[in-house]
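Produce the entire structure from the sequences given, and follow the hints as far as they go.
Chains as they are written, first to last, in the numbering used here: chain A, 2 to 468; chain B, 672 to 1737; chain C, 11 to 410.
Think of the hints as simulated: they come from the structure by calculation, not from any bench.
You may find that some hints are simply not true.
Straight-line distance between alpha carbons at most 30 Å, and here's what the computed BS3-like set of lysine-lysine pairs gives [as the list claims (entries may be wrong)]:
hint	chain 1	residue 1	chain 2	residue 2
1	A	K197	C	K223
2	C	K84	A	K197
3	B	K746	C	K192
4	A	K200	C	K18
5	C	K223	A	K107
6	B	K867	B	K824
7	B	K976	B	K1143
8	C	K13	A	K38
9	C	K168	A	K197
10	C	K18	A	K199
11	B	K853	B	K1143
12	C	K62	A	K200
13	C	K30	A	K197
14	B	K1692	C	K314
15	A	K433	C	K274
16	B	K1226	C	K274
17	A	K200	C	K222
18	A	K199	C	K13
19	C	K314	A	K197
20	C	K13	B	K777
21	C	K18	A	K433
22	C	K274	A	K199
23	A	K284	A	K38
24	C	K347	A	K200
25	B	K976	B	K824
Residue strings, one per chain:
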Amino acid sequence: MSFDSTYTKELPLVENNPTLRQIDDAILLPTQIKPLKGWWIALGLSATALLIGAVALGLTFYYGIGMWGNNQPVGWAFGIVNFVFWIGIGHAGTLISAILLLFRQKWRTGIARFAEAMTIFAVMTAGIFPVIHTGRPWLAGYLIPLPNQNGVWVNFLSPLLWDVFAVSTYFTISFLFWSIGLIPDIALMRDRATTKIKKTIYSVLSLGWTNSNRNWSNYERAYLILAGISTPLVLSVHSIVSFDFAVSVLPGWHTTIFPPYFVAGAIFSGFGMVSTVLIVVRKAFGLQHIITMNHLDTMNKILLATSTMVGYSYMMEFFIAWYSGNPFEMFAFANRVLGPYNWAWSIMVSCNVLIPQLFWFKKIRRSIPVTLVIVLLVNVGMWFERFVIIVISLHRDFLPSSWGIFYPTITDLSLLLGSFGFFFTFLLLFLKTFPLVSISEVKGVTEGAQPTIHLHPHSNGYPKEKA
Amino acid sequence: MRLREEREQEIMDKKDTGNILPASSDENQKEPNYWRSFRELYNDPEFIKERNLEFSKDETSPPDTNSLSRLSRRKFLALMSASAAVAAAGCSNYRDKGVLIPYNSKPESVTIGNPTFFASTCDGCSNACGLLIRTIEGRPIKVDGNPDHPVSKGKVCAIAQASVMNLYDPERLKNPVDRTDKGNPKDIAWGELDEKIIGALKSAAAGGKEISIVANSIISPTAKKVLDDFTVTYPTTKIYSYEPYGSETKNSAWAKCYGAGNYPPVQLDKAKIILSLESDFLISDGNKVEAARLFAEGRDVFTGKEFNRLYTVEGNASLTGLNSDYRLILRTDLIEDFVWCLLNEFLIKQRLSVFASDVNITSKLQNYSLEQFISANNLPKEVIGHLVSDLSKNPGTSIVIGGSLLPESTHIAINLLNEVLGSSKLYSKEKNVHQIPISTPSEIDLLISNLKSGKTGVVIHYDTNPVYDFAKEFGYADALKNAPLVITMAHIINESADAGNYVLPLNTMFESWGDFQPRNTFFSTQQPVIAPLYNTRQKEEILLTWAKGNKDAFKADLYHQYLMDNWKATVLSEFKNEAKFNNAWSAALNDGVVMSKSVASDVPMQFKNEAVASLNSRMTKNGDFVLLLTKSSTLGDGKHANNGWLQELSHPVTKVVWDNYAAISTQTSKSLGVDVNDLVKITTSSGELEIPVFIQPGIAEGVIAITSGYGRTVCGVVGKDAGFDSNKLLSKGTKLSPYLNNDVKVEKSSGSYDVITTQDYYPFDEPFYKDIQYEREIIQEGTYLQYKSDPDFLRREIHGEAKEEELEYGSINKQYKHTGVKWGMVIDLNKCTGCSECAAACNVENNIPIVGKDQVKKRRMMQWIRLDRYYSGTPEVPKANFQPMLCQHCDFAPCENVCPVAATTHSTDGINGMAYNRCVGTRYCSNNCPYKVRRFNYFNFRDRFRDGIQLEESYSLMANPEVTVRSRGVMEKCTFCLQRIMDERQVAIQENRMVKGSNVKTACQEACNSNAIYFGDQNDKDSDFYKFNNSNLGYHVLDDVKTKPNVTYIAKLKNVFETEKSEAHN
Amino acid sequence: MIKNLINKIKEFDSSADVEKRSNKLFGFAALYNTPNEVIEAAASVAGKGYQKFDAYSPYPLHGMDSAMGLGKTKVGYFAFTFGITGTFLALLMIGWMNGIDFQNIIGGKPFFSLPPSIPITFEVTVLLTGISATLGMLIIFNKLPKINSPLNDTDFMKNVTSDKYGIVINADDELFDENDTKNLLLSTGAYSIDNIYYRESNLTTKTPIFEKKFIMAIILTAIATAVISYFTLNWVLYDTQPFDWMWLQKRIDSQSESNFFPNKFGMREPVNGTVARGFMPYEYKGMPDSMVKLLSNPLPISKKVLERGQDRFNIFCSPCHGYQGDGEGRLRGQFPKPPTLHSEKVRNWTDGNIYHVITNGQNVMPSYAEQVSRDDRWAIIHYIRSLQRSHNASDSDLPK
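Next up, the structure:
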């Protein structure tokens, strides 16, 4: 019996082995040429979406949250669904960078930078919603423990407050992680810059970084520390987001499985979105030899794994509901399958659990169009997962007398659209301004990039001891 | 500097020469030499030098500007003034705190910030309940019942509760309007108006033309006197009195059976067995306030009194029916047969009373048999068995009540049945009085024919709206066109006013004087609590002015004086002395009621057998459909349609707001092929109506029930086009009764219309939902027998054999203990009938906005109390439970834990409070509330509803100044009427004592007609409340969630023959 | 106009004037082709004992630290310190805010407990660790930003950021010697060595931030923003809904004006002739004293009542009648002196008589019906009686 060698041997991370300068040229190309037509179209679309969202937001501020579909039993709907959805997406980035860095997974270099950027924009998008979903957004400052005219402090028992801390921390750390990663590349751009303005901007942004080794060693240590703390951070953030629900008394929310379940889901959706965008980008910017098929393959494997975890959580929820014998729990979950929203539930299950199982087949994993379709479905499915958890649990809770139904309004939908516009606008601008792959890291993992000898200071250069 | 040195140098040189003597020269001696000093005298050269250099160089040279400060004086002043200006402007921009306007001389009765109460009488309907009007600084803000009133005993209905809004309604008529020129109605001064009308009246009287006054039933003796005076002045006057959705047939039947008078009040509290035939006496039929109270007195577990038992036989699914112990569903037009069958049972079979020997009667009963009837209409045999035995076993303590909408023949049969059962003992000795007899249909026909034939000169709508009220088959609207002069007195523009020439704005009851005698045993007074807000008058004084025949007769207190004079002459005639009378009169106003000296006559009423004997026309089953027009419990006959609070008060059974509908059963909907909200076309001999369908569990097949009062076409913006005009289907009532018709054609029509409920019901017979309210321990109930045999059965069911102290479950960390006062509420579900009086009162007390139909549809009701209605059984034969649901003020409130800004926290006296101004409006608390009793201001509803009509200035007078008006984006909920608790606290502090629980009454508690709500201090061991709170029937909703609510519900006991709860509800 | 501007910018953009270099030597920069070469070079340079030198590479070279003989970096300890501080700060904050400073009963739970504080503590720890690690690395350890480092925009830098490796030996190293150092570098196989000179700007110590103009500008903008935000906030927070903290209420508070009524009186007078609950009109109003004989004092005498009476008397009566009721009030001389309450006449009055006077007023004395509640009037009468008795006490009054 013979193994298919691709499973055993480490695949080349950078294909057909270019010189360092070729790498520079390849990666920096998009930042130097004039934008392509396709880019303009994409920007136009996302900007329009963003505009629509802005108008909806304006209406919401002017008239109040009533513009949304939320109502008496369903106090949270699209607002929080979108929030959790985007936070989830924000997880792949830091996860890829941090955890894979700690595990010394070299293949991360191809996609890390891009994923981190996505994290930041996703978290920015997510961060909008908790603020605008409040009835009096202009008082959102009350959520921060500052002295105020009421003399009262925030309530540290509330998971929503934990959210505030978690999300802001997560954004800050991710941003630092991303931006110090950028410094050496910006230094490179600075030195390649031909015109004065560019040069000045880049030299300011690069803080006058000189690739000196003394700096490198501090830099690497700091980078490692950030990776080290981001890993638990990533896990904590979505756990805390899940506390919003797990800590409540509502059947369907009040579950101990939520933290791991949410984290798995977050990674799942995160990778889904990353590959969705990467597949397009690597084509558009001709980076197939840097973001290789092997990258996609590995990510699809992770998708498969997380999808299975998510599926397990779904089953476990139902089991526990039945096992608890608690009538409220039982009804809540029966209601997901049989109730008026069962279509949402079936979308969720099919997109998140059933369809990704196709990734067991290598052919599908390595076929770009199929992957694209599947990951798109994964995004849809994960959005509906949050919808199922939040809306379906709320709309029929303890007292049948207060049962209700939720219909989204135009405002809801345009805000959802706007959130995508917001995200992609930033993403497109990033693609044009900064190298979307970490050049210095890629160089570091090319063939023969690292020295083959190991020396200590010595008075005479010879004879050398081999490392 | 250098110069000075040189000079010194020279001086030194001089010294060396030694020549210091003055140089004397001849030419110097020519003129006298004036010298100032010796040195000058001697021409001291050094002095001369000094003199030349009087100013040294540095002093004479111009100053060096660079060495000076940059900041010149001018610049400094400029800066100072600028900053002063900024500061001034800044301070001027601080919030405008407004001005204080104190009383010039404070009235003795008013203490600023404290309420003052006035006893008065409600004129919302002919029951004339006593009111106690709460005013703050002279502004009425709340209406409650007058506890001294013999009938209403301190309770009023929802209409009265919400009536404050009628006073402050910005759409009230503010001036008399002359609409003679329909094109441009113009305001007209009272004086001018009076002159014109008096002229017209005189000429009409002279010309022998009829002056028709169309009035509702007159129950005010003084108003009667005014009308008499008017008739004296204008002899051709004729007064027509009608009572929409009244009890004409009942009264006429009574008159036939007992010679004269009206159907008397019934002493329900004395009744053991009550059989209600199509009568919704708990909410809309007759005097609801009294009936609910008396009925509930018969169901009080705390008095230890034997429970009464309520049987209902009805086609409609009425609140009374759903509250009853046994409910039989029977097509309404079969009810009469049912009564005859019962009579047959008692007279022929059991030969119960003297009537058994009366052949004229028994002959009529021959061809009725209960058994056949039961099998024909497959009624539950054993229940009828219980009914028959109960009725025959309880002579004198059982009563049969027929619904007002039943035809006269049925009522005669019912009266006979009551006689047979000896139930006539339960008829109260006091009599319902109408000062002017209600006009019969023939009299109304006469009015119309007079109009048509031009015999009528003037028509006066005496605060009535006959164009809307009268059955269309009278053709009143057309006839009115022939009237030369139509005068309408109204509060708000209405259909009749629209058709008339002059519209006269009226005072509301808060601005009027008056007296009422709804029953012969007492008089009640009405006094204004605020001067008229607009240029309005009260109807009596308008007529009085005309009766006096000149416009100058009008004075501000014309009717006030007239009223006092009349009382001096009649009611208080024994007080001859001025001071004595004034005292008595003031006492009357203070109390609001005066018991009349003419005590109830004790002569036994003699039943006239010939009433039955001569009975020929009978109600018999006919056609596929029976149409019931029932009186709305909120809008009444439609007079109150412009009151948003009432429009938004959901129907007690169907929970529909802002609309009426054709309620039909599931089978009927199937046979018609219609679903909820589909329009159907209903055609009767008197008219046709397109109306949406609402499928109501428990309605008899073929029965179509429509509530009255909706579909006003000419009205304020609030009530206009809300619902459908059921009066189009009213008949003259010659055949059965105006409100009952079994000669109806119903067909599906195209299109649909949204009927909005605040609580839509699920398919409650499917296993998925079946009995969910019992499984979840939301509703706990048992049977009365079970309770008597084992008072602790419920506690055992819930907690097993656990002891009190074992129930105190622990926790991982120590919990807060409320020592001292701890507020709590007890709601007795045995007494609660599910009428929404409490919600109505809460709206007024707590400044709750109207949100409008569209927002209710989105489920954004703002009312703090929800009347939950749960069905069990099957859609054909449902059981229902009612439960008021308000904030439970849980000790372990889930809402508090999750609020990120600590906007909702617990007070030390156990109240779950909301700091409105801290709330940022994450609706997390609402999500986490198991009872879903929190309400969120999704909009500024005041601004949103009907183009911000609630922002009108007049409404801000109505708002309770002790309660914050919440802005948009804020969460709110029941506060246990915190403001009232604070009042008690203030008093306690002044009187230097502890706060006493029994001194605080919440608004809902005050309003509850059946006294089902108790409020008090849970830690006050020796209070009544403590007993209620720890009753062995008490339970907490959703006990398993362990939120430790402070609202305790007393489990409902059904007074049925089964001894097991399970059988009781399925 | 705009065209010109654009052209100007373009012009400026394309003007490739590199900053003039001084003739002060910064150091020698040697370039190498392969990582191994540079490692060897670094090793031998370090071996020679040079301190102020550094190696440069487009990406971190593994093993370069040891070749250069560098110690471990301290970034870790730095971040750790801050992280721990974060932990304690967070716990302190939560404990003080919810446990001590403002105690709220929330869901019946203790004011402070550890479990719910853990998430936030963790987040704050992470936050401080991350920030300190990053900023510490950049500013404290790597001395960044130094945009105008002499090495920047040199060909050397252009090479080492892209694909070459280099070593720079600073001129201020004590071993530095133009020839030896150059030879050393040549011996390590550098393919090019060039001299890096300081920039002009490196030699001048002046920092632009302390320019007087700069500071003035900052202060002015601060003032401007302060003033503007002050006015706008005043306008927004007090005059515009819904930002006004529910200051504008749709209701009429006590003694406030109402635009509904033409005379703006929010508080209304009761209608003439009406009777409020418990306020029966005083029936003898305006009648002569003779008629009020019947009126008798309903209040029983008790210490409480007397104290209440004294209290009210001292407030309402004493200004004219004096604390003793002898007419020696504080308003002596400003008003006609009232007759003493101890006169024969007043002592023989019935209580009703006095009540009548208080309620109705007589001569100069106005009615006190508004100010003094009915019970209080009777309480005052009791007190007056006790005053009278005290002033004309008889032996019988003496305690035995």
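Please write out, lowest number first, the hints stated earlier that are contradicted by the structure. Violated: hints 2, 3, 5, 6, 7, 15, 19, 20, 22 and 24.
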